[in-house]
Amino acid sequence: MKGVQILSRSGRLCRLGLSRSCATQNANANPEAASSIVVPGTSSVPSKELLQKATVHPLLLKPYVSEMLNQEDYFKLHRLVRVDEMFEARLHYGHKIGTLNENMKWALYGERLGVCIFDLDIAKVYLQRALDFIAHVSYRGGLILFISTHRDTMFEVEKTAQEANQYSHVRPWLEGSFTNLKNLLGDTPVRLPDLVIFMTTISSLGKTHPAVIECAKMAIPTVAVVDSNSDPAYHTYLVPANDDSLPSVRYLLRMFKEAMFLRNGSILSYSLGSYIRSVNGARHISGSGGKMTETAEQQPATSQESTANQAEKQEERRPSVEQRELWRASNSPFVKIPQA
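Okay, so the sequence shown: first residue is 1 according to UniProt numbering, each after it adds one.
Source of the hints: derived by calculation from the structure; they are not laboratory data.
From the three backbone atoms N, C-alpha and C, an ideal C-beta is built for every residue, glycine too.
Any given hint might turn out to be false.
[Said to hold, decoys possible] Derived CB-CB ranges, DEER-like: (1) 110 x 49: 43 to 53 Å; (2) 97 x 47: 44 to 54 Å; (3) 78 x 48: 40 to 50 Å; (4) 110 x 246: 22 to 32 Å; (5) 97 x 59: 46 to 56 Å; (6) 57 x 246: 46 to 56 Å; (7) 122 x 47: 39 to 49 Å; (8) 154 x 182: 27 to 37 Å; (9) 133 x 163: 17 to 27 Å; (10) 73 x 141: 16 to 26 Å.
Please put together the full structure from these sequences, using the hints given.
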């Protein structure tokens with residue numbers, strides 16, 4: 001039977017036959033036919049209840065988990081998050097008490113003058129977990145997509161994504177951009193993002209962003225900034241904070257960017273490849289803050305060479321005319337495929 005072509009999370013193409021799904025549908029339609037399904041390598045046919053309760057023991061997956069994943073905070077990102085900075089950035093402000101989502105009461109400290117107030121101690125813990133996950137994804141060269149619908153923070157989101165050598169989508173979402181790629185782009189191979197960061201989970205129409213459901217269907221992990229009026233469902237990592245104020249969004253974007261750049265001292269990320277390339281050799285990144293510095297042997301000889309190198313790097317990062325036309329035509333997040 002002809003297989004269905006899908007994209008795995010690592011970007012490789014794989015094929016799944018339809019025989020298993022068809023057998024499951026037939027078993028649900030006809031319970032008597034379920035008993036005729038024979039599992040290879042077994043002497044007896046397992047019951048339907050046993051198949052539904054079957055799970056994989058965690059010890060079987062332990063050899064595939066690296067040592068760094070077993071550590072709570074491998075990249076030491078807890079040093080980046082401070083409650084006083086979160087307070088100054090107005091992360092504790094929520095929406096009016098009348099717009100409160102019942103599923104967000106756990107993250108609130110209380111209310112003042114009819115405005116919901118977040119508990120920054122709770123927000124700090126969840127922010128550290130989200131930063132640790134972002135650092136792990138970026139360290140392994142994963143593709144990260146920023147999504148936002150606020151016009152006031154649109155420029156900040158695009159700027160942060162460009163500085164981090166990642167991708168952003170701040171336009172109206174075209175439904176099916178993740179789940180219906182075959183009809184939108186045809187047979188063009190596209191790598192889905194390994195992580196989606198929602199700076200807001202509510203669309204311009206006041207409803208849940210349609211990309212949230214599509215990420216859940218495609219098993220794409222998400223990091224979401226959820227306000228007091230947001231629905232925290234379908235998200236992998238939550239950051240309860242203010243998603244409307246410009247200072248709060250700038251603070252969160254700075255934290256996300258530093259999590260991508262800071263690598264436990266001198267550990268480098270694969271996603272920084274375009275930032276550490278130079279004509280004379282590779283650059284070095286200092287241990288604090290991820291600032292790039294050059295050695296004396298690698299510094300350009302003249303200011304003209306330095307200007308030429310900067311112009312060349314900007315030209316490399318600038319999208320081509322074909323890519324711009326594809327963006328305008330499809331109005332969907334375009335994720336480039338890494339060169340072989």
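Verification of the hints:
| no. | hint | in the structure |
| --- | --- | --- |
| 1 | 110 x 49: 43 to 53 Å | 47 Å, holds |
| 2 | 97 x 47: 44 to 54 Å | 51 Å, holds |
| 3 | 78 x 48: 40 to 50 Å | 47 Å, holds |
| 4 | 110 x 246: 22 to 32 Å | 25 Å, holds |
| 5 | 97 x 59: 46 to 56 Å | 48 Å, holds |
| 6 | 57 x 246: 46 to 56 Å | 48 Å, holds |
| 7 | 122 x 47: 39 to 49 Å | 44 Å, holds |
| 8 | 154 x 182: 27 to 37 Å | 29 Å, holds |
| 9 | 133 x 163: 17 to 27 Å | 20 Å, holds |
| 10 | 73 x 141: 16 to 26 Å | 21 Å, holds |
Comparing the model with each earlier hint shows no violations; every hint is respected.
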